[in-house]
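K.L.:
Residue-level listing of the chains:
Number of protein chains: 2
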Amino acid sequence: MSDLQASTAAGQRGPAEHSIRDQIIEAADEHFSRYGYGKTTVADLAKAIGFSKAYIYKFFDSKQAIGEAICSKCLGTIVTEVHTSLAAGKSATDRLRRLLRTIAAATTDIAFSDQKLYEIASYSCAEKWPSAMAYLDEVGLILTGIVQDGRASGEFERKTPIDEAVRAIMLVFQPFMNPAMLQYNLDAVPEGANEVASLVLRSLAP
Amino acid sequence: MSDLQASTAAGQRGPAEHSIRDQIIEAADEHFSRYGYGKTTVADLAKAIGFSKAYIYKFFDSKQAIGEAICSKCLGTIVTEVHTSLAAGKSATDRLRRLLRTIAAATTDIAFSDQKLYEIASYSCAEKWPSAMAYLDEVGLILTGIVQDGRASGEFERKTPIDEAVRAIMLVFQPFMNPAMLQYNLDAVPEGANEVASLVLRSLAP
Chain D
1 MSDLQASTAA GQRGPAEHSI RDQIIEAADE HFSRYGYGKT TVADLAKAIG FSKAYIYKFF
61 DSKQAIGEAI CSKCLGTIVT EVHTSLAAGK SATDRLRRLL RTIAAATTDI AFSDQKLYEI
121 ASYSCAEKWP SAMAYLDEVG LILTGIVQDG RASGEFERKT PIDEAVRAIM LVFQPFMNPA
181 MLQYNLDAVP EGANEVASLV LRSLAP
Chain R
1 MSDLQASTAA GQRGPAEHSI RDQIIEAADE HFSRYGYGKT TVADLAKAIG FSKAYIYKFF
61 DSKQAIGEAI CSKCLGTIVT EVHTSLAAGK SATDRLRRLL RTIAAATTDI AFSDQKLYEI
121 ASYSCAEKWP SAMAYLDEVG LILTGIVQDG RASGEFERKT PIDEAVRAIM LVFQPFMNPA
181 MLQYNLDAVP EGANEVASLV LRSLAP
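The listed protein sequences derive, respectively, from chains D and R.
Okay, so the first sequence: first residue is 1 according to this note's numbering, each after it adds one.
Okay, so the second sequence: first residue is 1 according to this note's numbering, each after it adds one.
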């Protein structure tokens, strides 16, 4: 039994538990990357990590909960990259381009640099995992902010109901946002994504 | 041996062969719908249809060739529906709306009315079957015609290079054209598709 396990067994939860949780996530991430998410059971995972199945179940309700944690971590990375990129944006126009460009590039990196993470991403979309839904909500909010700013600055038109404009843009971003679709468009990153951003900006012109 | 088989065996190819080919396609379509395309082998198919495997191979090189034939038939149906709908279009604007609406509705019908045809559609996209590629080319040509007409009539702007405009529109149509993506957007047919058409029309405004 490792120090971490021992400290948890002794009832020291909180930080210690947190660290083990991270350790399980990290090990699971590596395991799924190599052997696939769909085919792996919690028992396989436990064996590979060197923890008991029961022990893993102390931290996660199910395999999906572990997948969710990996998914959230990845989506959190994308959102951080988006915020960093947007902070350098000079105008709403520039920030809208940066939004799609960053999402397309970061999603390509995460889902396709390692083929197996694509698999978890696919499950998260297909089964509408809370992590994936929360991510879409967050991107929707960021997009709404950009459109509002562009309307305020006079860069964008104000006739279309903003909810409709944002909903439609979220739909047309899908080919570069949703891994199930992005797999067909990897050749179109970054040029195609840039052309879609241009189309969206033409649609927003006053 | 049926009359059709006998006539073919006697060397009467052409019409007779054509009819058997259709018979195989129809039976395969039904079989795949019920048991799935991925899991079925040509041997399973032969057994179910009541022809020998060798006999099926006289008409088709592979299971994919049969899948391609089914795919072509379905995509041909969509293209016919598109042409019928466009013929009633009053303007380039109206025809662009009809194009996306018809594709979204027809693809939903074909790929999702019967869950298993979705499977063949997915293979055709994922493996870039010639039938799927030819369909995309055809829709691209129809779209180019609509954009050209709208430019000529003054409905659409003329600044954006037409190739770029068409490429970007084909990308933003994907959420309603590509079955792998459409599966996530079935709730958005027809409203979401209509909002995307509106976005595209705003992008085309002079």
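Certain hints may be false.
[Stated by the list, open to error] Here are some, though not all, of the chain D residues that point toward chain R, as calculated from beta-carbon distances under 7 Å:
hint : residue
1    : Lys-159
2    : Asp-163
3    : Val-166
4    : Ala-168
5    : Gln-174
6    : Arg-202
7    : Pro-206
None of these hints come from the bench; they were simulated from the model.
Note that CB positions come from ideal geometry on N, CA and C, so glycine has one too.
K.L.:
Provide an ascending list of the numbers of those earlier hints which the structure does not satisfy.
P.N.:
Of the numbered hints given earlier, those the structure breaks are 1, 2, 3, 7, listed in rising order.
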